[in-house]
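Novice: Could you build all of it, start to finish, from the sequences and the hints given here?
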Amino acid sequence: MEIDVQTAISWLNKANEKMQAEKDYLTKLDQETGDGDHGINMARGFSEVENKIANGNYETCADVFKDTAMTLMSKIGGASGPLYGTAFLRLSTALKGQDPVDEKAFAQGVQAALEGIQQRGKASVGEKTMVDVWQPIAAYLQETSAIEAAQLEKIAKEAMEATKDLIATKGRAAYFKERSKGAIDPGAASSFYLFSALAEVLKEAK
Amino acid sequence: MEIDVQTAISWLNKANEKMQAEKDYLTKLDQETGDGDHGINMARGFSEVENKIANGNYETCADVFKDTAMTLMSKIGGASGPLYGTAFLRLSTALKGQDPVDEKAFAQGVQAALEGIQQRGKASVGEKTMVDVWQPIAAYLQETSAIEAAQLEKIAKEAMEATKDLIATKGRAAYFKERSKGAIDPGAASSFYLFSALAEVLKEAK
Amino acid sequence: MKKIINDPNQAVSDMLQGIVAAYPDSVKQLEGTTVVVRKDAPVAGKVAIVSGGGSGHEPAHAGYVGKGMLDAAVCGEVFTSPAPDQVLEAIKATDSGKGVFLVIKNYSGDVMNFEMAMEMAEAEGIQVEKVVVNDDVAVEDSEFTTGRRGIAGTIFVHKIAGAKAEAGGSLEEVKAVAEKVVANVRSMGMALTPCTVPAAGTPSFHLEENEMEIGIGIHGEAGIERKPIASADEIANELMEHVLHDLPYRKGDEVAVMVNGLGATPEMELYIINKKVQEILKETGINVHRAFVGNFMTSLEMAGCSVTLLKMDDELKTLLDAPSSTPAFCF
Amino acid sequence: MKKIINDPNQAVSDMLQGIVAAYPDSVKQLEGTTVVVRKDAPVAGKVAIVSGGGSGHEPAHAGYVGKGMLDAAVCGEVFTSPAPDQVLEAIKATDSGKGVFLVIKNYSGDVMNFEMAMEMAEAEGIQVEKVVVNDDVAVEDSEFTTGRRGIAGTIFVHKIAGAKAEAGGSLEEVKAVAEKVVANVRSMGMALTPCTVPAAGTPSFHLEENEMEIGIGIHGEAGIERKPIASADEIANELMEHVLHDLPYRKGDEVAVMVNGLGATPEMELYIINKKVQEILKETGINVHRAFVGNFMTSLEMAGCSVTLLKMDDELKTLLDAPSSTPAFCF
Ligand SMILES: Nc1ncnc2c1ncn2[C@@H]1O[C@H](COP(=O)(O)OP(=O)(O)O)[C@@H](O)[C@H]1O
Ligand SMILES: Nc1ncnc2c1ncn2[C@@H]1O[C@H](COP(=O)(O)OP(=O)(O)O)[C@@H](O)[C@H]1O
Ligand SMILES: [Mg+2]
Ligand SMILES: [Mg+2]
Ligand SMILES: [Mg+2]
Ligand SMILES: [Mg+2]
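Residue numbers (UniProt numbering), protein chains in the order written: chain A, 1 to 206; chain B, 1 to 206; chain C, 1 to 331; chain D, 1 to 331.
In short, the hints are calculated from the structure, not lab data.
Virtual Cβ for every residue (Gly too), placed ideally from N, Cα, C.
A portion of the hints provided could be inaccurate.
[As the list claims (entries may be wrong)] Residues of chain B clear of chain C, computed beta-carbon distances all greater than 10 Å:
| id | residue |
| --- | --- |
| 1 | Lys104 |
| 2 | Arg120 |
| 3 | Tyr140 |
| 4 | Ser145 |
| 5 | Ile147 |
| 6 | Ala150 |
| 7 | Ile155 |
| 8 | Leu202 |
| 9 | Lys203 |
[As the list claims (entries may be wrong)] With a cut-off of at most 27 Å between alpha-carbon atoms, the simulated DSSO-like pairs for lysine-lysine come out as follows:
| id | chain 1 | residue 1 | chain 2 | residue 2 |
| --- | --- | --- | --- | --- |
| 10 | C | Lys227 | D | Lys2 |
| 11 | B | Lys66 | B | Lys104 |
| 12 | C | Lys2 | B | Lys28 |
| 13 | D | Lys251 | C | Lys28 |
Specialist: So, in structure tokens, the structure goes:
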């Protein structure tokens, strides 16, 4: 399976659809362990991405993801803005000259994105952040020989749900210490929606 | 029937007792058409009066009422402070050299008190203020040959209740115009308690 | 009732100690009273400006004590005018021989108590003059009623009368300029929530989640009209319509503007109101000399705001812009 | 949700227009951004001070733009750090060639966005330095976590770094004195009520009528401990205990004090807290150089307060007392 410009655009549009649909839920999660703006932030950021790429004329996935990165970086703000922005920027850089993107290249791109998130946010696995979703996804993509959409979604979902039992040590949720246990991390949830959008697009693309 | 220093003191103590008991009710009335402090004001003022006169050594009713006036004037504030203060000051002045005070002298004293309230507050009958209780009481005292406690109380009570249907044109309640209809005027209610205290003391004195 | 207080009956006295403890170099409390005065009172050769009223309107009035504004603030119980003896103490402590000027908000209680103090002070040979502020256009003005309330426009009277006194104005001159402010200032307010007098313990009225009160006062009393909550722009429109047409303020006029929070309104919302107020003034062709946005005359923790306009002339501009240094009003 | 707003998604943009409309002679909004700058920016020969963060903390940060404090405030969405490009615009608009100093509150988002902007500015050849404020003692400080939050103590950093820059200090000198403030300032807050982000529409947490949160932040997040409401004196005691022991502040020290309201707290209550705070300092033998009581760093319409202490030395005293003229902080 390959990812071409159209798939990339469909992925981001689908991701936006999900962020809009789950806006209130993401905000509710962020009210529990943060400041109650994550859904608002993601909905704003991804709707700007959809607008941006609708007006573009793209020849490469790298260009799509670069515009995505710049838009997320400048329209989200908060903690998630620089993190998602950095992720897509690294993905873009890794995919330069790779069109159409094959599975291996994509896997390396996601690995680079994960590393970008970790450099920027200085969080490792288990700190109850979006890293806890990106890491197992990056690992799956690296190790699999053929991406299975259902498996991709399942891994993201389980990873997201596993953040529930963690105690946060990074991001705002860290202020709550033990009290942060029992709620899903909002950034992990939005990352799940991002990858579940990818899974759906890949499924349709088949 | 005569009013001596002891009766005067009992009257004020009984009035204090009622103001304390009805504090919340008076405040509730004032929340409806005013600023919600009348019960607090009256309870504070009359408890200071009780303290003040407990420590005095009085030979005349005029002196009791003068201390009452000064205490109400300096401890209540608001609209009711100067009004009740003026009332008791005029009562005191009218009763100078009249001890023990007979019914006629007392009636003239209350009339003087009413006039004091009206001079100070510039309200006439029907403007939904304490004047609407003091006026019929002053009239009854002037016209009766022997004060009947039950009758005194009844007149005060009916006068107070009649303020319910009035539209206020003086005091804070005036801001509500038509909306001030339907609630008893708080100052009329506290005036009723003052005269009902007098009625009870006169009954006991018999 | 959720409040950060100790004994509700001690709230005003605790507050006064907290005010004096905050600014020990500039103000003091007159012993045995609820009066806050400039530490350097009486200021030689200066007419003293004394104001006050019930508490619960902070920073009014103690926050305006200082150079260029008030010489003393007389603080009553919450929403209860202070008694005449307190006002008298303030007059006596601030009179330097040039006389004392009282700024009174138009409420039966304030007027009666301050006027009684005025009579007492005059009996002691002190020259006293007064102005009664009645800027609230929500209330009908009529000879036969209590008349209009004094609300946030009072701050402009403090500032301008204070500046006139600081500049060496006589008692008559201070009175004249204060009356000019009163003649040219108009306000109107609205609220989203009621407030609770500490000693009462329950809110003064009830509003549904979708309701607001238009024409609110500053004593927790309900307003003149209850309606569904409107947008900030609609609220600004409604308040401005009443205020503008009352004087009226006309094309070519120059005004000072005050967008005042009632205590629990985020500044963000006050600035959103200010945006529309300034747009309306621009459309009407009215020039803005200066704007003030913040909590100046509050009503405990009431959420809401008021809008005040003061029509300026050269004298008022000079006096409004004169330096003042008080905790709550300074430039 | 009861708010005086128009479209919740336009609240910040409406607010910014309202701010600029209020003070058109002293501030302006950089076109196409959410940045409020001094009208005379860049100020020749002066290090520029830039701060900012999410909105909802008004008067922080736009209210501190002016002579003696900030050159620019970068305003994000409500409780959301502004993006790097906005911060970069502020840096570019204020740099006079002497460099730009960033005052950042310690939140993952603020730190990341401001640091990215710093890198971008440096790439454009602009000298940029920063300080990260982390005064909130309610949060444990540890290498392995996000660390302490920046709350009301940030205002002291603005004032003192601003005064140093105004006095001609170099970028290194401004940084050094800002770091000194951060090293010596500690705060802690509490709340009686939550607040509601306009675009979210519901409160961020729930408190029962008899509950309060101790150790609250300024983003509508719950605190570190929930308990029954205590008296003002007990609240002041608890906050002061944590703050005093943290640095620690000791007998003979001299401090500046800030009693800060979170948005919906009547000033009366802040002064009642201040009374007890001053008593505790007196008992402890700590001298107060200066006290500030009011709304300086808010959290929308949250009811509650924070207490901040800053240990002073001669340099800090001179800089804190230096004149500043901004809408929200002036003397
Ligand atoms: N240091 C970090 N490293 C990785 N992810 C982080 C970090 N800090 C925060 N996050 C992620 O960001 C999410 C919060 O994003 P958002 O609510 O938009 O920003 P903010 O916390 O500034 O309000 C968290 O749920 C978490 O997943
Ligand atoms: N001008 C007036 N003349 C007579 N009575 C008045 C006048 N103004 C107010 N009152 C009386 O005072 C009462 C209110 O007293 P109170 O609540 O203690 O004072 P305030 O109105 O200042 O809060 C009213 O109910 C009314 O009876
Ligand atoms: Mg958040
Ligand atoms: Mg009343
Ligand atoms: Mg009252
Ligand atoms: Mg946020």
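Novice: Can you list which hints this structure breaks, lowest number first?
Specialist: Checked against the structure, the only hint that fails is number 2, while the rest are satisfied.
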